[in-house]
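Undergrad: Chain W is fixed; fit chain H onto it per the hints.
Line by line, the protein sequences give chains W and H. Going letter by letter, the first sequence gives residues 1 to 291 in the numbering used here. Going letter by letter, the second sequence gives residues 1 to 272 in the numbering used here.
Calculated from the structure, these hints are not laboratory results. Every residue gets a Cβ at the ideal spot worked out from N, C-alpha and C, and that includes glycine. Treat the hints with care, since some could be wrong.
Claimed, not checked - Among the chain H residues that face chain W by a calculated CB cut under 7 Å, a handful are:
{"no.": "1", "residue": "Leu85"}
{"no.": "2", "residue": "Leu119"}
{"no.": "3", "residue": "Asn123"}
{"no.": "4", "residue": "Leu252"}
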Amino acid sequence: MTRTKATIYGWLLLLPAFVLLVSFTHWPALATIHASFFTTPKGTRPAIYVGLENYEAMFDDPVFWQAVTNNLIYALGTIPVSVALAMLMAIWVNEKLAGQSWLRLAYFTPTVLPMIAVANIWLFFYTPDYGLIDQIAHAFGFGATNWLGNPDTVLYCLMVMTVWKEAGFFMIFYLAALQQLSPNLAEAAAIEGCGRWTFFRRVTLPLLMPTTLFVLVNAVIGAFRLVDHVIALTGGGPNNASQLLLSYIYDIAFRYWDTAYAATLTVVLLAALSGLALFQFLVLEKRIHYR
Amino acid sequence: MIAARGIPRTLETTGAWVLAAVWIAPLVYCIWAAFHPPEFASRFALDAPLTLANFHKAWDAAPFARYFLNTFALVSLVLAGQIVLVTLAAYAFARFEFVGRDVAFALVLVQLMIMPDVLLVENYLTMSSLGLVDTILAMALPYMASAFGIFLLRQTFKSMPKELDDAARVEGAGILTVLWRVYIPLARPTYIAFALVSVSYHWNNFLWPLIVTNSVGTRPVTVGLRVFAAIEQGVDWSTITAATLMSCAPLLVAFLLFQRQFIQSFMRAGIR
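The following block holds chain W by itself, in its conformation from the complex (with noise of 0.2 Å):
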């Protein structure tokens, strides 16, 4: 097949997902940078020019430092600990321990589940009083908490539910990665008198590497993409304790509907993404390409 024929099929048949995908990823990407540097268009007002003044307004906006900081201690809190877990489980999983199969299933399973219903799940464990960590705290003679209502307690309590729910996502990754070990490097450093601790430290441990990095950018792109839960359980608040940032350009954008500003907020998470995918590409391919 000639050059110029390849050319032709090979853009005939990307057209139609590459419409879509322009139209629905980088069109609106372009866009949001674009109206980040003008009014909100209100009825038959048009949008204005107005430079950096929607980001000087954003430097000036304690809730989005907050959102931010709540944003980087929910990512710094939830992803290490998911990730250790996910991977406790799959060595747990893979090693045939009695029962194995339940205990996959036991952890998999809040993986299947849609986040606003762990959501509701959740909130009944949260509610003051009533609800179930509470009823327990009582019987140990402790008062009531209202662990959704509290600032200084809501977020951990969005950080737990999220553990909960993601580990055994990523536990799938590292029992993929298990399973492709192969056992002659477990009975070499059997006969050589190795420990479990050390072979895990000094092999496992370093053969998983790609695996970690992979489910780390996930995470991370996790821990800035999904506000389900802090939608439906707190709307970020109280006192805007449990925002993100993505669910404060919901409330900017639908709630309060000053799109152009919603816009400047956005523009800093695809910054971060953007950040992220450099990182990956740049450092982290060097190093998974070994496999």
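TA: Just chain H now, with coordinates in the frame of chain W:
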């Protein structure tokens, strides 16, 4: 891993089981509350009577049948669109040396990081200028050109022996015939894996459908459940848990029946 023996192994088995019990407890609790009268919602007694009354109440209180129909339509539409678009695009990337291929592929990969979920405002404006707000199509359209699907299927197509392709061409088969007769049948496991991942994702998707729908006729189950629970808030736990269980039931049952298939699909989708 080196297998543990003796006491360490017993300890590990215990640990694994304790973790599993903790992990499944919230769901078990949800099932308990849904199948027992409200007075047993937080009181655990062995003689608590079983009942389906909570499900009746939830089913009557909100148009769940319609919500399920909407979700079903959404999931089918997304999947059908994805399979056609993704197949054609993956075939182009895997087997055609066309001008601009690498740039085009890089542009596809952008969507792995920046998913339509993040670009809420602009996508909403697009839908509204197309007059598509509050339609099933509006919920489905941004997800149809799945970069993840293109990537996955391209890998599969590339791993197939080129000789098969050449042989079919020599026989005089056109490019679409080759795709249909050679590539698609051989990629079946990848299609199944992709379909399971896609269906679970879109069955559970919430934020974009929440934004782009505003009536009973289009709302999927997740949004319907949210609307229902928001109205019922604090009133009757048993009914809410019944509604919650109901809304995840189809996926949950499918998962329990085809557990191996599900897990292997997720694994396959994760390995590059």
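Undergrad: For every hint, state whether the structure bears it out.
TA: Consistency of the hints with the structure:
no.: 1; hint: Leu85; verdict: holds, 4 Å
no.: 2; hint: Leu119; verdict: holds, 4 Å
no.: 3; hint: Asn123; verdict: holds, 5 Å
no.: 4; hint: Leu252; verdict: holds, 6 Å
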